[in-house]
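Chemist: Sequence order for the protein chains is A and B.
The numbers in the first sequence follow our numbering, run straight up by one, and end at 399.
The numbers in the second sequence follow our numbering, run straight up by one, and end at 1601.
Think of the hints as simulated: they come from the structure by calculation, not from any bench.
Keep in mind that this is a model prediction, so the values were computed, not measured.
Where is the CB? At the ideal position from N, CA and C, for every residue including glycine.
It is possible that some hints are incorrect.
Residues of chain B clear of chain A, computed beta-carbon distances all greater than 10 Å [claimed, not checked]:
# : residue
1 : 1389
2 : 1402
3 : 1494
4 : 1563
For lysine to any residue, the following SDA-like pairs were computed, each having C-alpha atoms within a straight-line distance of at most 25 Å [stated by the list, open to error]:
# : chain 1 : residue 1 : chain 2 : residue 2
5 : B       : 1484      : A       : 314
6 : B       : 1533      : A       : 16
7 : B       : 1485      : A       : 317
8 : B       : 1484      : A       : 313
9 : B       : 1485      : A       : 316
For reference, the chains in residue letters:
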Amino acid sequence: MVLLRMALRDLNPAHTRTLLTILGIAIGAASIISLFSVGYGMENSVREALNNLVNMGFILLPQNIGGGLLNGGSIPVREADRIRGIEGVDLVTPTLIELGFTEKTGDNAFLVVGIPPENAEEALPGVRNGAMWNPGEPGHTCLLGCTLAKMLEAHPGDKVEILARLYDDKGLKLTVSGVLGSTGVFLQDQAVYIPLELCQRFYGEDEMVTVIFVKLEDRSYTDTVKGRLLEMYPNYMIVENDEVISNVDNILSIVEAVLVGIGGISMVIGGLSVMNSVMMSVNEKTAEIGILKTIGYGERSILTLFLIEGLLYSLIGGLTGIAVGIVLSKLLYKMLLTRNFILPLTYKPKIFILSLTLSLLVGVASSVYPSLKAARMRVLEAIRHV
Amino acid sequence: MYRKPVLKVRNLYKAYKNGGRTHLILRNVNFEVYPGEFVAILGRSGSGKSTLLNLIAGLDRPSYGHIYVDGVDTVYLSETELTRLRREKIGFIFQDYNLIGSLTVLENVILAMEAKKMYSPSQRRKAALEILSRVELLHVAEKYPSELSGGEKQRAAVARAIAKKPSIILADEPTGALDTKTKNQVMNLMEKLNKEYNTTFLIVTHDPEIAKTSTRQLYIKDGEILQATTITP
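Using the sequences and the hints, build the whole thing.
Modeler: Written out as structure tokens, the structure reads:
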């Protein structure tokens, strides 16, 4: 097709206009890829973290948590045994949450989380380096969240000393048994996990915990277990995990809508640049349009010629944008990693499809007006531009 | 024996309005062109000859009258039908060559065949090369118009016009931009195509020398055809 070749040759990469137009679309596509890979990454890790932590069940919290969760233990640990007796309950994880410091991290506090060693496998994310506690003999060992491990520059087998208060002389000496994989949740990644009893002793919270996570055998027990918990603990707050997840879902939908908005605005700008380029091309090729019409090319052929031009701009721009988007998101990941923040990235195929489809749609839609203008040009007026 | 004309112009008028005044460019033009003829329309600048050619090609609409191309009255055709008429039946040669600059000479010729959907793509290339050989441009087939001389450009334009085997070729001052030597070359080429391949030509020109190549001459003055002369070769 000579007409197609004509459209292809007109996209001379040496022309600044061609490059700028492709760049316009590429920025739109790249922003969609980078925003969504980060957005979906965060969404996945939040979901995973929530599922890990509160999989199908409830969280028992003290009624008055005005000071947040860091008020130490206010629920007797024996309540965990009572909850275990409820029919339909699978796993009960009494957890003590405290603040800790090290000499190395200075006033950068982190969470010290005490959990029963036998629950660690199920309640925590997988170990990335080293090993989980040996449930029978956890001793003075700990598991480090990945961000904290990086801050402490600690590896499995290393010794760390945790201070209960910033200027304490003496702390709790622990051996790192493993470093956990990323959850994507800052508080969980910047935490140290130690056996519950050890934590209670160190912080002087004997027999007390901060929260109790309750996991069900399956969802059919939700109502009965909730009813029993409400009966047993009228003065406690019982949060249903589904509520938490659904609230998080709502927040994530808003985040997604904002990302679509930002990506959409970038695309509109890209579209305007395609429209401008195709319009300029129509003006420059007025004589050629006249020649083609004289030879016998109809409105549909002329329309197609310029739509192809717009399509090519958006196809090249879209593909470039996808590549640039991947590189940008990876750079962002590396940049934040140096600041001890792990930014999870997820490249779902639908992001690539969305990005390329949007690029093509925007490119073609933006070319319609100038292409129609070219197609409807009066042949005698066009030929006079020679 | 009755010969059916390729082109028949009847009672043709064209008027333009300019600054509230009406200017009559063509008045009561009548003539025919028969298959295989080489007709020259001679006239001074502003006499209305280019307007006449534009009306015949369907690039402009007459104010009154009829133009029949292969028996079809083009006055009643829609824009789409006029495009089809140009595609199927009319070849064009312009003073300024009007080649597509981003296509090679060969592609410019193929472009015309592609518009008419003649042959398969590989056959098109073969046929286009044959035509370029006929106009002695085979050596520049892969060159772009900007790399050609004026005479070569016009011969390429002639090749493009004959490529789709039209019923008639309309040429608007085809040698207007050429020097004497190349002008003669181009005219000899058109004469050769007319004699050897029976291609019908209608040329408008102000140059009486050019008109000598034609088999018949029509003179136009102030929008009226004055006389017709037939040259017997």
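Chemist: Each hint needs a verdict: does it hold in this structure or not?
Modeler: Evaluation of the provided hints:
1. 1389: 21 Å, holds
2. 1402: Non-interface label stands for residue 1402 of chain B: nearest chain A Cβ at 23 Å, farther than 10 Å.
3. 1494: 15 Å, holds
4. 1563: 25 Å, holds
5. B:1484 with A:314: Cα-Cα ~12 Å, so holds.
6. B:1533 with A:16: 20 Å, holds
7. B:1485 with A:317: 16 Å, holds
8. B:1484 with A:313: Holds. Residue 1484 of chain B to residue 313 of chain A sits at ~14 Å (cutoff 25 Å).
9. B:1485 with A:316: It holds: about 18 Å lies between the C-alpha atoms, which stays within 25 Å.
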